[in-house]
Amino acid sequence: MSEETPAFRVVGDVSALPDYAFGPRSILWWGNSAFMMIEGTAFVLAAAAYLYIRGKGGHWPPPGVRPPDLLWGGLFTAGLLLSELPNRWLQAKTRQFDLASVRFGVLVMTLAGLALAGVRAVELSHINVRWGVDAYASCIWLLMVLHTTHVVTDLGDTAVLCLWMFTHQPGPSQFSDVNDNCSYWTFVVVTWIPIGFLIYLGPRLL
Amino acid sequence: MTAETDLRARGLADRRRRLLAAWADAPGLWGFLTTVDHKRLAARYIVTTMAMLFAAGMLGVDMRLQLAAPDMHRMGPQGYDESFSLHGSTMLFLVSVPVMEAMAMWLVPLMLGQRNMAFPRLNAFSYWMYLEGVLMLWIPHALGFTPDLGWFEYPPLSGPAYAPGHRADVWAQMITFTEVAALCVSVNVVVTIFTMRPPGMTLGRMPLFLWGMLVASFMTVFGLPAVMVVTSMLIADREVATHFFSPSGGGDVLLFQHLYWFFGHPEVYIIFVPGVAFVSSIVETFSRRVVFGYVPMVVAVLAIGVLAFGLWVHHMFAVGLPKMGADFYTAASMAIALPIGVQIFCWIATMFRGRLQLKTPMLWVIGFIVTFVIGGMTGVMTASAPLDLQLTDTYFVVAHLHYVLVGGAIFPLLGAFTYWYPKATGRMMSEVWGRISWALVVVGFNLTFFPMHLLGLMGMPRRIYTYPAEMGWGPLNLLSTVSALITVVGAGIFVLNALLSYWRGRLAGANPWGGSTLEWATPSPPPPYNFDYIPTVDSVAPLWTRDELHALEGLSLDSREVLVTTLVDAKPDNRQKSPKPSLWPLLTALAVGVMFVGSIFSPWPIVWGSVPVAATIVGWFWPTRPRAQRGPLRART
Ligand code: HEM
Ligand SMILES: [Cu+2]
Chain R
1 MSEETPAFRV
11 VGDVSALPDY
21 AFGPRSILWW
31 GNSAFMMIEG
41 TAFVLAAAAY
51 LYIRGKGGHW
61 PPPGVRPPDL
71 LWGGLFTAGL
81 LLSELPNRWL
91 QAKTRQFDLA
101 SVRFGVLVMT
111 LAGLALAGVR
121 AVELSHINVR
131 WGVDAYASCI
141 WLLMVLHTTH
151 VVTDLGDTAV
161 LCLWMFTHQP
171 GPSQFSDVND
181 NCSYWTFVVV
191 TWIPIGFLIY
201 LGPRLL
Chain X
1001 MTAETDLRAR
1011 GLADRRRRLL
1021 AAWADAPGLW
1031 GFLTTVDHKR
1041 LAARYIVTTM
1051 AMLFAAGMLG
1061 VDMRLQLAAP
1071 DMHRMGPQGY
1081 DESFSLHGST
1091 MLFLVSVPVM
1101 EAMAMWLVPL
1111 MLGQRNMAFP
1121 RLNAFSYWMY
1131 LEGVLMLWIP
1141 HALGFTPDLG
1151 WFEYPPLSGP
1161 AYAPGHRADV
1171 WAQMITFTEV
1181 AALCVSVNVV
1191 VTIFTMRPPG
1201 MTLGRMPLFL
1211 WGMLVASFMT
1221 VFGLPAVMVV
1231 TSMLIADREV
1241 ATHFFSPSGG
1251 GDVLLFQHLY
1261 WFFGHPEVYI
1271 IFVPGVAFVS
1281 SIVETFSRRV
1291 VFGYVPMVVA
1301 VLAIGVLAFG
1311 LWVHHMFAVG
1321 LPKMGADFYT
1331 AASMAIALPI
1341 GVQIFCWIAT
1351 MFRGRLQLKT
1361 PMLWVIGFIV
1371 TFVIGGMTGV
1381 MTASAPLDLQ
1391 LTDTYFVVAH
1401 LHYVLVGGAI
1411 FPLLGAFTYW
1421 YPKATGRMMS
1431 EVWGRISWAL
1441 VVVGFNLTFF
1451 PMHLLGLMGM
1461 PRRIYTYPAE
1471 MGWGPLNLLS
1481 TVSALITVVG
1491 AGIFVLNALL
1501 SYWRGRLAGA
1511 NPWGGSTLEW
1521 ATPSPPPPYN
1531 FDYIPTVDSV
1541 APLWTRDELH
1551 ALEGLSLDSR
1561 EVLVTTLVDA
1571 KPDNRQKSPK
1581 PSLWPLLTAL
1591 AVGVMFVGSI
1601 FSPWPIVWGS
1611 VPVAATIVGW
1621 FWPTRPRAQR
1631 GPLRART
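First to last, the sequence lines map onto chains R and X.
Going by this note's numbering, the first sequence opens with residue 1, and the numbers climb by one from there.
Going by this note's numbering, the second sequence opens with residue 1001, and the numbers climb by one from there.
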């Protein structure tokens, strides 16, 4: 048919366009969102498994087992919700390329993440049942492990960004990276609301 | 030559030289290990899946030989169990899904006029993860512990009580590897299509091929987490004694089936929808007219994507569901025939209203339509709950699933392979041998699998290693086996044709079939940077509406840069850097591999194994920029 490639006629120039972007105009933002969608689906399925087994109508929790203690869970929940405040503030600062504030913000978020991971560690010893006892225990631990993995992953991410921000001269794309990381933390916070409900209130109310 | 064209030619040569310097891989092994070129990675994917297709096909033939006559004992029950488990698992997880992902990886950027995909390094990571999945299944097989519970390993059979040893774990982790690999490509396809369409390619001007790949990728994103969750739960039951699926501990074996089929049914469509995408491209080119009914075609593929998730329960009619539920799912399963019918109608209308050319790719499409219609009808039969109770676990199901998978996905794939082969290699495959292999495969396939419907109706159960002569199943089985050998001869000719044409095929030129989409607007094979300029489009079939394509310039020529456009209207929005080649994706895949393999034996590797994983990911994403000049951790000299 045709041996040669068709001729191109140049009708415009894109060199004046910006070479960075925030939010849905940036490629990485979409990648981040897609992975949140995947992980969100996994959360939904794990929650569905919990409800399915709960729906079979056995004891919830089994006789002699106390539901997870509210104190540490409550502390974690309060701390997590509060951490959204500096997180929102930091996300706003990234769009202003305000290096000093962004450095301060990621440092605060790293410390907040560390503190929350500490509380979570204590929380794990107040579930009041081992995962191998019965299906109730397995479900609680499944949700707990899934969420904890996300807390730890995002903590690691934030800590590395923090180190990088203090040791390098960021360009616009790195501010955009911090921005995306803030969205991810919001994901960790928001998913905890239903998951935490199932873990702490499920055994008491459902 | 006038002075002006001379100047322009020199400008173009200079542009190409600079682009090549920015986009070419390092030579030799280092380039091989670090490349992030979507074409190289996809080609590697495709070659690996073809090797797997061959290996699993040989297992199929081996099973057919065993079943050729009654009372054969060349294989024992254990050997037969291993054969169908390895065959089915390989065909689905190591061939069908990855080969479709790979075709998308190869074609999507070219059809978008782009230089690479959104996340080039994620593609590299995906390939290495997939390769580890291949090794995860086949190395244990070589060492003598092959999974033996079929392509879905239901507990309690796969639970700790009935499946000691590590066969079931090998299967479960193979899935984890391949699912991570598939998710990476799917995310990449979605984001590439959303953010990197060429200026002017609004959503309403997107080729049907891209719609198909987009829908399949979304289905992957929502479907595959289910299988990762369920196999992780299975491993936990086996390893740390959780009770998800053990009735004695309050768990439920049916939970496994629900979660598995929540993925497993969409899985069939994750394989089939890309097949549909190939067919639309091929039908369009060889009918020489834009596919009839663009809007109904797009709506149909979206409908398939949505409906596929409502249907998983039809795999479980035999477990005893509430009557209402069974009726509902029967109706829903039949509903999916509607969008598929719309698609078939539009293709046939296109063929009749256009000028049809029966080249080899088009012949595969015809083989697909005929075979798939038969497979679809048997599917509607098994979707009816009362009939399914009768036919489930018989050869009727074996016939049905091969009709759908081979007819619905492998035939379009072979057509697509023939169709895009000249673009990838610069040479044509032989038409004559192409037709011969087509005839042998299509006829051989139908004669192999059609008799299985009858065997099923005669009551022959699936997954049996032999049967007594009195059952009267011998003659049809012999027919099936002989025909399988014919199919294999046809497939062998196809492979030889592909191999020999690589060196001896006729030179193809840029657009040998007269196709309409952007991949045909660049040389065959495309250079590492794909396109000299950024093409813009103003119709679904840009190469048919203009002799001279409009294009933009202004992306960097000396570094890797891509153009980002807006989501709906595809207006140029910003330029972003495209990552350079890197060894980190391979290192990350190795670290993840160690963690996954280790987790078969103990839960601890998940803990210590995450340290190298984290380290390699940091290496991967670490931005290379100058050291800080201000602040407590600034560079000091
Ligand atoms: C020449 C080609 C092929 C032959 C001769 C063949 C033959 C067979 C045979 C004999 C079985 C076992 C039936 C039983 O005992 O239940 C089987 C099962 C199966 N085949 Fe194939 N097959 C071929 C190609 C394919 C392809 C291309 C695919 C997928 C894309 C595929 C997917 C499957 C699956 C999923 C099973 C079910 C495994 C299980 O029961 O767990 N086959 N095939
Ligand atoms: Cu299904």
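If you're looking for bench data, these hints aren't it; they were derived computationally from the structure.
Some hints here could point you the wrong way.
Calculated cross-link-like contacts (lysine to aspartate or glutamate; reagent style EDC-like; alpha-carbon spacing at most 20 Å) [as the list claims (entries may be wrong)]:
1) Lys1571(X) with Asp13(R)
2) Lys1571(X) with Asp19(R)
3) Lys1580(X) with Asp1025(X)
4) Lys1580(X) with Asp1558(X)
5) Lys1580(X) with Asp13(R)
6) Lys1580(X) with Glu1548(X)
7) Lys1577(X) with Glu1561(X)
8) Lys1577(X) with Asp1532(X)
9) Lys1359(X) with Glu1431(X)
10) Lys1577(X) with Glu1553(X)
11) Lys1577(X) with Asp69(R)
12) Lys1577(X) with Asp13(R)
Quantities reported herein were computed from a predicted structural model and do not represent experimental measurements.
Going down the list of hints, with the structure as the test:
1. Lys1571(X) with Asp13(R): Given pair lysine 1571(X), aspartate 13(R) holds - Cα atoms ~13 Å apart, limit 20 Å.
2. Lys1571(X) with Asp19(R): holds, 15 Å
3. Lys1580(X) with Asp1025(X): Holds, because 9 Å separates the two Cα atoms, which is no more than 20 Å.
4. Lys1580(X) with Asp1558(X): holds, 12 Å
5. Lys1580(X) with Asp13(R): Not OK: lysine 1580(X) and aspartate 13(R) at ~24 Å, beyond 20 Å, violated.
6. Lys1580(X) with Glu1548(X): violated, 32 Å
7. Lys1577(X) with Glu1561(X): At roughly 4 Å apart (the allowed maximum being 20 Å), glutamate 1561(X) and lysine 1577(X) satisfy the hint.
8. Lys1577(X) with Asp1532(X): holds, 17 Å
9. Lys1359(X) with Glu1431(X): holds, 7 Å
10. Lys1577(X) with Glu1553(X): At roughly 16 Å apart (the allowed maximum being 20 Å), glutamate 1553(X) and lysine 1577(X) satisfy the hint.
11. Lys1577(X) with Asp69(R): Violated, because 49 Å separates the two Cα atoms, which is more than 20 Å.
12. Lys1577(X) with Asp13(R): holds, 17 Å
The earlier numbered hints that this structure contradicts are 5, 6 and 11.
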